[in-house]
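There are 2 protein chains.
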Amino acid sequence: MISKKAPTMKDVAKEAGVALGTVSKVINGIPVSDKNREKVEMAIKNLNYKVNTYARGLKTQKSNLVALIIPDTINPFFAAFTDHIESALYKKGKKLLLCCADGIPQKETDYLNLATNNKVDGIIALTYSDIGKYISQDIPIVVFDRFFENRVIPRVASDNFAGGCLAVEKLLEFGCRHPVYIRFHSVFPGEADKRKDGYLYACSKHHIEPDYLDHVNCDEAVTIMKSFIENHKDKEGNLAFDGVFAHTDYHGYLFMELLRQEGFRVPEDVQVIGFDGICKFGNPQDGLFVSSICQPVEQLTEKCVELLLSDGPSPVPPLTLLPVTYRYGGTTKG
Amino acid sequence: MISKKAPTMKDVAKEAGVALGTVSKVINGIPVSDKNREKVEMAIKNLNYKVNTYARGLKTQKSNLVALIIPDTINPFFAAFTDHIESALYKKGKKLLLCCADGIPQKETDYLNLATNNKVDGIIALTYSDIGKYISQDIPIVVFDRFFENRVIPRVASDNFAGGCLAVEKLLEFGCRHPVYIRFHSVFPGEADKRKDGYLYACSKHHIEPDYLDHVNCDEAVTIMKSFIENHKDKEGNLAFDGVFAHTDYHGYLFMELLRQEGFRVPEDVQVIGFDGICKFGNPQDGLFVSSICQPVEQLTEKCVELLLSDGPSPVPPLTLLPVTYRYGGTTKG
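Protein chains in written order, with our numbering: chain U, 1 to 334; chain P, 1001 to 1334.
Just so you know, these hints were derived from the structure itself, not from any lab.
Hints are supplied without guarantee of correctness; some may be wrong.
DSBU-like, lysine-lysine: derived pairs with alpha carbons at most 35 Å apart [said to hold, decoys possible]:
#	chain 1	residue 1	chain 2	residue 2
1	U	K91	P	K1303
2	P	K1119	U	K91
3	U	K107	P	K1107
4	U	K303	P	K1014
5	U	K14	U	K133
6	U	K303	P	K1119
All values reported here derive from a predicted model rather than from experimental measurement.
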């Protein structure tokens, strides 16, 4: 455990003569001026400062409860995530307090307060709302996928960038020449954004002109996808693309259904790869909805629990990315 | 709240001069001899006995935690059930402790002990293991679907019998003449067993020869279903049935896939109705996997929470059945 005299981020800022935000940026690997970086690094060295935001929060008096904040358990990815978090916590003698916070921001702050008041040992958060400003330094927390500015929080995610690349590589390997990317994204920044970066990188590498539908998540997804398909038809009704990398399995499935309604065959005319690895009825043997870049849910959840419960200081920067894999799900030629 | 002098089931047994199990049976509506029933009913009247098993367990010192014991959150029905239980508890100021107990019976008894020790206010259990003998009279508990012998426990379920009837009625309405029933069931008795009774009743009512596949749940479901199809083909390869009522959406979907692999068209050649109302990706707007008899998950979960948290004595017998509805999901002609 950390002694009471352990230096804080504030001490580092004071020693370095810079703003607290600058220290946070350096620790998070966000660019600052070389001069400031050197000052901060020197101060960290002088004070023997360890990043320990969440470790400090682990009080000796334990409740053996850990709260999971998640939008819902209806979405199959969230459902699997919840199941594996529960299992990983159980192995460590911890019980899971479940908070389905979608649409009720007050719920998330309620649970953050439980952590502040030692009613729970810590929090694992998979959230798309803007709780960053409510997370104090005292709260032991690990976040999945999301990124909160100016908060040194251990984060876990899949290697989304590599996943974006892999999707394009697979589509090309299976004979596609014009893979497009479609996404409906959250307004909040997160690791999943890098799926697009991976797509763009792979296109550039293979000298392919990128082409994508990139829209904030909304109720009009179907209408927007339909007009994307319409805008990509030539006079003979042929499509300008022959491969689709969808940001999620859900949107990949939706897009495939629309293509089929328009008379196109999947995978013969257009191949589709989604992201997440969602199985029908939840079990691997039931098969996927679409061919997919699969997130390693079990390993991701175990890593979240391991980081939350670890006593020592966390490594810097506290972002752990785990590898994804391609799995055939009927909507590709391989 | 119940006063300390409230008569117990033991008092009733003593007053009636019968065994405790006999009192339990009468209260649960399980047949006993007329003589014993009269004795018990007289004793209940004389003592002014009220069934209050779970109400007695609600101690004044509340944790505001309620544990949900469920096999997993991977199965889409369990996932939706968990989500709605969390929401219903939140409305009552309670937090959800989630126990995914599948395959680990020890976990269930751990959680029952939490209730005994007042670490949780009560338990909602959707379980297919044999925890009946561990449930003491002191534990405030509501069970979904399951039935435990010799335990007076408030139970909530869908009206499975009516659902079985409705499935047959719908298949006949859509032109089927030979509806069969297929199920892979748990070894533990529960309300879901009545789906078969409903099927048999409706067949009898409409003078249809019942025909079914009834098997304990196992890994060989696909093989067993395949041979059922094979055994129902005549020399020309025509099927002896034109409608299927499946015990769950999952098995309905699996059976449909096998029929299609065999070259039969669904719903043109064979119509399929499942049970549960499971939506692809979890949301109603995403559509069902198969046409289905839908369980009212939201109302079921609210009823569980209401019964668990209610202070007064529960009605006798403590079994609440909520109505199901038919919903089109693409595998029927209507």
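Here is what the structure says about each hint:
For the hint linking U/K91 to P/K1303, the alpha-carbon distance of about 32 Å falls within 35 Å, and the restraint holds. For the suggested pair P/K1119 and U/K91, the alpha carbons sit about 20 Å apart, so the restraint of at most 35 Å is met. Between U/K107 and P/K1107 the CA atoms are separated by roughly 27 Å; this keeps the pair inside 35 Å, and the hint holds. Simply put, U/K303 and P/K1014 have alpha-carbon atoms about 57 Å apart, too far for the 35 Å limit, and the pair is violated.
For the proposed pair U/K14 and U/K133, the alpha carbon gap of about 22 Å is at most 35 Å, so the pair holds. Restraint check: the Cα-Cα separation between U/K303 and P/K1119 comes to about 28 Å, which is no more than 35 Å; the hinted pair holds.
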